[in-house]
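Asks: Sequence order for the protein chains is A and B. So in my numbering, the last one in the first sequence is 262, and the numbering has no gaps at all. So in my numbering, the last one in the second sequence is 668, and the numbering has no gaps at all.
Treat the hints with caution; some may be incorrect.
[As the list claims (entries may be wrong)] From the structure, some residues in chain A lie toward chain B, with a derived Cβ separation under 8 Å:
1. Met62
2. Asp120
3. Lys121
4. Val126
5. Asn183
Simulated from the structure, these hints should not be mistaken for lab results. Note that beta-carbon positions come from the ideal geometry of N, C-alpha and C, so glycine has one too.
These are the residues of each chain, in order.
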Amino acid sequence: MKRWWIWMIAGLLPLQALALSGEEMMKKSQAAFLYPGKDFKARVVMKLINKDGQERVRELTMLRKNLGEPGGEQKYFMYFFQPADVKDMTFMTYKYPAKDDDRWMFIPAINMVKRIAAQDKRSSFVGSDFTYEDVSGRDLEDDNHVLEREEKIGGRDCYLVKSTPKGTDADFGYKLTWVDKANFLPLKEEQYDKKGIRYKLFTADEVTDIQGIPTVVKRTMKNLQSGHRTEVAYLKTGYNLGIEDSLFSERFLRQPPRKWID
Amino acid sequence: MSRFAAVCAALLLAPLAARAEVTLSGFLQQNTAFNTVEANPDGRHYKWLEERARLQLDASGSAWRLLAKGDLAYDHLGRQDQSELREGYVDYTAGNWDLRVGRQVITWGLGDLVFVNDVFPKDHEALFSGRPLEYLKRGVDAVKLGAYPEFANFELVLSQGFRESRIPDARRFRLYDPMPAVSNRETIKPGQGDVGLRIYRDVAGYDAALYLYRGFQRTPSMRPDSMTAPTKISTFYPQLSVYGASVSGRAGEGVLSLEAAYYDSRQDRSGNDFAVPNSHTRLLAGYQIQPAEDLSLGFQYYAEAMNDYGAYLAALPAGFPVEKRWSHTVTARLTQFFRHQTLRLSVYASYNAGNGEHFVNPELRYSFTDKIWGAVGANFFGGKPWGQFGQLSRDDNVYLQVRYEF
Chain A
1 MKRWWIWMIA GLLPLQALAL SGEEMMKKSQ AAFLYPGKDF KARVVMKLIN
51 KDGQERVREL TMLRKNLGEP GGEQKYFMYF FQPADVKDMT FMTYKYPAKD
101 DDRWMFIPAI NMVKRIAAQD KRSSFVGSDF TYEDVSGRDL EDDNHVLERE
151 EKIGGRDCYL VKSTPKGTDA DFGYKLTWVD KANFLPLKEE QYDKKGIRYK
201 LFTADEVTDI QGIPTVVKRT MKNLQSGHRT EVAYLKTGYN LGIEDSLFSE
251 RFLRQPPRKW ID
Chain B
263 MSRFAAVCAA LLLAPLAARA EVTLSGFLQQ NTAFNTVEAN PDGRHYKWLE
313 ERARLQLDAS GSAWRLLAKG DLAYDHLGRQ DQSELREGYV DYTAGNWDLR
363 VGRQVITWGL GDLVFVNDVF PKDHEALFSG RPLEYLKRGV DAVKLGAYPE
413 FANFELVLSQ GFRESRIPDA RRFRLYDPMP AVSNRETIKP GQGDVGLRIY
463 RDVAGYDAAL YLYRGFQRTP SMRPDSMTAP TKISTFYPQL SVYGASVSGR
513 AGEGVLSLEA AYYDSRQDRS GNDFAVPNSH TRLLAGYQIQ PAEDLSLGFQ
563 YYAEAMNDYG AYLAALPAGF PVEKRWSHTV TARLTQFFRH QTLRLSVYAS
613 YNAGNGEHFV NPELRYSFTD KIWGAVGANF FGGKPWGQFG QLSRDDNVYL
663 QVRYEF
C-alpha cells in the first residue's frame with residue numbers, strides 16, 4: 001500500500017516522454033543525424049536508379065566540420081570521383097542556421113572557382129532524389145513539429161513526429177519522421193504534397209556504430225510518383241579526425257589534399 | 263659520377279614512387295562543326311572535324327603531385343596532327359605555401375565569357391568552333407607560387423616565355439582585314455615572359471581579390487610598313503599592364519559579382535599610335551540566381567571605356583572603322599537541367615547596345631551513361647562587318663561533341 005505512488009509514477013513515465021515536444025525531438029534527431037562528432041568524413045556512393053532499374057553512380061568524399069553546438073554553423077567540402085565528367089570537381093558549403101548557405105564550386109576543366117547561388121535548398125543534390133536539405137539539414141524553425149504517437153519500425157521503438165511548414169511557400173504539405181527512441185536517428189521519413197499524397201520516402205537501411213556513434217551508413221530516398229530512387233552508402237567513415245578549418249578555402253578547393261579525399 | 267647521381271636519384275625517388283598513388287584516365291572524343299550559312303574562305307564546309315584521345319596521368323605522394331594531360335588529335339581540315347600537351351605540372355604543397363611548376367591553365371576573375379582580369383591565354387577559335395568549354399583556355403608554361411599567411415592569400419605567376427591567345431584561323435573564319443591586298447606578313451612574338459599577382463581574401467563574407475599583371479596583349483595588333491603604299495604587315499603583341507579588383511558575394515536571392523580593371527597600354531600611353539589599343543577601363547557587374555529547381559539564370563553588364571579618345575580619333579587613318587569611346591554589352595545565360603541532371607539545356611547570349619554586335623550559343627547536352635555524353639549546339643554571330651562578332655556573321659555553325667570517358 002505504501003508503494004502505490006511508485007506505480008503511479010511508473011505509469012506516468014511514458015506520458016512524460018511523450019510530453020517531450022516535437023520540437024525538442026527534432027532537435028535531438030538533427031544533432032544525432034547531422035551533427036555528431038566535431039567533424040566527419042565519408043566516401044559517399046550514390047546510386048541513382050530509375051523505375052526500369054537503370055543505374056547511374058555519383059561518388060564523392062564528403063567532409064563536414066561543426067563550428068559550434070548542434071544546430072549551429074557547419075562547413076562541408078566535397079570532392080567528386082564519379083561520373084568521369086565531373087571528376088576532380090570540388091564543392092564547398094558554409095551552412096548557417098536560419099540563413100541561406102554560401103556555396104562555391106571548382107570547375108577543373110577551366111580551373112575556375114565560382115560562387116554559386118544557393119537559395120533553393122529544396123533542389124536536387126547532383127541529380128539524386130535527395131535535396132540539399134536532405135543532405136545538410138532543413139532549418140527546424142521553418143516547420144511546426146508535433147509529436148503524434150509512438151510506433152515500431154523494424155522492431156525498434158520510434159517517436160512519430162509530424163512537421164508542417166510554417167510558411168505557405170513550401171513545396172510540400174507536411175512530413176512524418178520516425179525517430180529512433182534509443183539514438184534519435186530518423187529511421188523513416190515520409191513527405192506528403194499539399195494535397196496530402198505521399199510522394200517521397202526516406203529509409204535508414206543500415207545503422208552502424210562508428211567510434212561509438214550510431215551512424216546511418218545506408219539510406220534510400222524514393223520518389224513514389226516517378227519510381228526513381230537513390231541509394232546511398234557511406235564508406236570509409238570517421239569522426240573527430242581533426243579536419244583543419246583551413247581546408248574549407250579556395251586554396252584547397254583548387255588543390256584538394258590527398259589525405260582527406262581518399 | 264653519373265652513376266652516382268643515378269643511384270642518388272633512385273634512392274630519393276624510390277620512397278616517393280612507392281608511396282605514390284597513380285591513376286590513369288582519359289577520353290575519346292569526336293567533334294564536328296559544320297557551317298549553316300556558307301562555306302569557309304578555304305571552301306570547306308566544316309569549322310571543325312576532329313577525333314581526339316586524352317590520356318591523363320595523375321600521381322601523388324604526400325606533398326607532391328604530378329599531373330599530365332596529353333591529347334592525341336587528328337584534324338580532317340588540313341591541320342592533321344594536332345597532338346599537344348594540354349597541361350603538365352608538378353605540385354609541391356607545404357603548410358602555408360605551395361608551388362606549381364609546368365604547363366598549367368590559370369583562370370582569374372568572375373566573368374562568364376567576358377574577360378576583365380583573366381589575362382591568361384585563351385583559344386577564341388575553340389569557342390567559335392563548337393569545341394568543349396575546357397578548350398577555351400590555353401595553358402601557360404609557368405611557375406605559380408601560392409602563399410597563404412593569415413591575413414590574405416597570394417598567387418604569383420611567373421612565365422619565362424609569352425604564350426598568345428589563339429584567334430580564329432582566316433582559312434576557316436571570315437576575319438576583318440583592313441588591308442587584304444598585302445600578303446607579306448610577319449609575326450613578332452615578345453622575347454620575354456610575363457608576371458601576374460593575385461591577392462585574395464574574405465572581406466565580411468564577400469570574396470575580394472586584387473590582380474596585377476605585367477606582360478603583353480594576348481591578341482595581336484597589326485602594323486603596316488607604310489600607310490600609303492603598304493608592302494608588309496607586322497603582327498605583334500603590345501606591352502600591357504593590368505590593375506584590377508573583384509568582389510563577389512550573396513546579394514538578395516542570388517550572387518552578385520563586380521569586377522574592374524585598368525588596362526595600361528604601356529607601348530602607347532599617349533594613345534597616338536593607331537596600331538596599339540589605347541589604355542582603357544573594363545567594368546563588369548554580374549548577377550546569378552536560381553529561381554527554380556535545376557534552373558539557373560545569369561546576367562552580366564560589361565563596359566569598356568577608352569582613354570585618350572581624342573588622340574585615338576586623331577591618329578586613326580582614314581577609312582578605318584571608328585570605335586566608340588564607351589562600349590556597353592549585356593549577356594544572359596540560362597541553364598536548365600532535366601532528367602536527374604543528365605540533360606542540360608544552356609543558352610548564352612551577348613549583345614552590344616552600341617553597335618549591335620551579338621553572339622548566341624544554345625547547347626543541349628545529354629549523358630547517355632556515366633561514361634558517354636554528347637552535345638549538340640550552335641554558334642550564331644552578328645553585327646558590324648569589322649566587329650568582334652559581326653565579322654563572323656557568315657560563320658554561323660552547328661556543332662556536335664561526343665565523348666567516351668574512361
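Asks: Take the hints in turn and mark each one as holding or not.
Replies: Checked hints:
About 18 Å separates the beta-carbon of Met62/A from the nearest beta-carbon of chain B, more than 8 Å, and the hint is not met. Annotation: interface hint on Asp120/A holds; nearest CB of chain B at approximately 5 Å, less than 8 Å. Annotation: interface hint on Lys121/A violated; nearest CB of chain B at approximately 10 Å, more than 8 Å. Satisfaction of the interface hint for Val126/A is found here, the shortest Cβ-Cβ separation to chain B being roughly 7 Å, below the 8 Å cut-off.
Restraint check, Asn183/A versus chain B: the minimum CB separation of about 32 Å is more than 8 Å; hint violated.
When each numbered hint is compared with the structure, violations occur for hints 1, 3 and 5.
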